[in-house]
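Student: So the chains spell out like this:
There are 2 protein chains.
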Amino acid sequence: MKKNYLLTPGPTPLPPEVCEALSRPIIHHRTPQFQEILKEAHSGLQYVFQTKNEVFILASSGTGAMEAAVVNFLSADDTVITVEAGKFGERWTEICSAYRVNCEVIKVAWGKTVDPKDIAEKLRQNKKIKAVFTTLCETSTGVAEDIKSIGEIVKDTDAILVVDAISGLGAIELKTDEWHCDVVVSGSQKGLMLPPGLGFISVSAKAWKLQKDSKLPKYYFDLGEAKKAYDKTDTPWTPAIGLIIALNEAIRLIKKEGLEQVFSWHRKMAQATREAIKALGLELFSPQAYSDVVTAVKVPVGIDGEKLVKTMRDTYGVTIAGGQSEMKGKLFRIAHMGYIGEFDIITAIACLEKVLYEMGYKSFQLGAGVSAAQQVFAQK
Amino acid sequence: MKKNYLLTPGPTPLPPEVCEALSRPIIHHRTPQFQEILKEAHSGLQYVFQTKNEVFILASSGTGAMEAAVVNFLSADDTVITVEAGKFGERWTEICSAYRVNCEVIKVAWGKTVDPKDIAEKLRQNKKIKAVFTTLCETSTGVAEDIKSIGEIVKDTDAILVVDAISGLGAIELKTDEWHCDVVVSGSQKGLMLPPGLGFISVSAKAWKLQKDSKLPKYYFDLGEAKKAYDKTDTPWTPAIGLIIALNEAIRLIKKEGLEQVFSWHRKMAQATREAIKALGLELFSPQAYSDVVTAVKVPVGIDGEKLVKTMRDTYGVTIAGGQSEMKGKLFRIAHMGYIGEFDIITAIACLEKVLYEMGYKSFQLGAGVSAAQQVFAQK
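First to last, the protein sequences are chains Z and P.
Just so we're aligned, residue 0 is where the first sequence starts under numbering that gives the first Met the number 0, counting upward by one.
Just so we're aligned, residue 0 is where the second sequence starts under numbering that gives the first Met the number 0, counting upward by one.
Okay, chain Z solo, but in the shape it has when bound:
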């Protein structure tokens, strides 16, 4: 009879409207009925992406959409910039390398943000750079990049700006068109409050020009084919029908609230979480750079980080995330993204306090974190 709470940076909890939509009888995809649904999904995604560009829906996880962002715009031996500030920045380099695209890697210490000037410098040195691959919110560190400033730099070059917005889209600000983001990829299981299984990718006019010259082999992720189908409100392959139906429900919820309101709610949840963490005497992984998507916290000295996460989840039903790759066991991460409310944050902090106490970390008064979060939520 354990009650479960999910506060991970993907998947995020499903609103009841989404659960209900997922349980409906399935319909066929080559019908006027589904065309109506697809049309609504396309325009709903344009709203969330803040773009007039086409946003394609792929039956894949976010990594598939990232691959689409590489194979559709590049050729072997092209050179690109990849910004690596964590596990997901590194993924850009891995995908490009798998397709023999040369990467000029800008390595940033985990927990830090890239200096846009470093990107400008590299673009100045090598005029042949075709694309700049970045990450809106690096889930592994909880840090958001300054995509707006990067956009200002890249727009005046021949390169396209590619943004991995898998974590962050629909949770924090990303103005695809206004910030000159040529290709934005995302996934369903984060700010969009759906189960994983859908990838999204938007393509600007500047990116379509590159697409015409791209020679990398592709079939399933071929956006040329996707575009032909899109123009007829169709998909080239069988789409993930059920998830797209649920997507419309999720976007309807976001629209009802309004994007601005959704973003400010995420800001508030993030602030409450950070204040709670500080009130417990714990250290934020990155006090200067952070995002309103997920908060990464250093595991205090003497505490087993993996056991902390495991106990919260398996004993008390509160699932947060541990550290990834080089930060395994050294971090824990509390997500405040999507369908997560004030009292989910309170629950997570209360459970964290409880397990820290049990594990012998007691340099705070029980309730101190919860109280700090409550104070943030009480502010207008």
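No lab work stands behind these hints: they were computed from the structure.
Errors might be hidden in some of the hints.
No distinction is drawn between identical chains; accordingly, a pair holds when it is met within one copy or between any pair of copies.
[As the list claims (entries may be wrong)] Within a straight-line C-alpha distance of at most 25 Å, the following computed PhoX-like cross-link-like pairs (lysine-lysine) qualify:
no., residue 1, residue 2
1, LYS231, LYS309
2, LYS327, LYS226
3, LYS86, LYS227
4, LYS121, LYS111
5, LYS214, LYS309
6, LYS306, LYS38
7, LYS86, LYS297
8, LYS227, LYS327
9, LYS231, LYS329
10, LYS1, LYS38
11, LYS327, LYS353
12, LYS208, LYS126
13, LYS277, LYS297
14, LYS205, LYS174
Go by the hints and put chain P onto chain Z.
Tutor: Below, chain P without anything else, positioned relative to chain Z:
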């Protein structure tokens, strides 16, 4: 208040157990809870595939799994055989060509099956052929290939046998191991009674040997990475969690019935459908070669095939499929696959009779098709 009935060859109707599973709260994928689910899914798929090989679960539609079957085992300039007996056989050639793999195409007229001897002949002529790409059931024509005989031929060569079992797996017999099928791909939305969004692929020891030499670029569909994760009961990227949870429910239903019983039920439904069609004086597209998955019927002279399908669907709520590609408007197709029962077939035939009458095709007595189907269902 129109009641809807789905008799298309993918997606197929969802059992209530699947709908319920899809509507559950989501759980995180890097947890012991999900590992249990994934373990059950892997062994359940081995049961349905009738194999001891690993069966990988991809977040993609069936076409993604087909692409995985190309990019993991081949290199550019390799030569393969593709059997084209319809739209989905042609897809093998398209994917191979996109990756610059040379295809020796065996073209078979739509509605016919390949003569296994033609495959043997080509393999004899060119010892460098790396793979033979076939289709278990060609959805566009309703015809099943003799995979068993093809397996007997291919097993004694250096080539691997690749089978597109997207339509057919879990509905008609396919003995992956016993028939020497090295790579079998499938999807979720057919015999497995799920929404689309999962691709499956099994890999034999012979295929793994080819995989080691494959130089085609890949990342998202890289089965080498998938294998490393599989061995730890994990996935390389975020899996389509909700669909995998529902997959276990679907396979539980299949297991409860038993594969043999499921296959004989499909045989019965197919026979009932064919007898009904004949009783209406209509012509089967392929009277000698057919499958127990979907029945393709020639649109009678003077009748608008597209309007027939449209009226059944939009006026009466019964969704069947029209013809694809070169058979557009010339065929209609009634699926009898997955969670479709006796009275769904009766409904489809009754609706077909009604609409044929309305459209002026009246060379049968109303009820003749239904009666013929009933007689088949009444047999022990």
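Student: Kindly indicate which numbered hints from before are broken by the structure, ordering the numbers from low to high.
Tutor: 5
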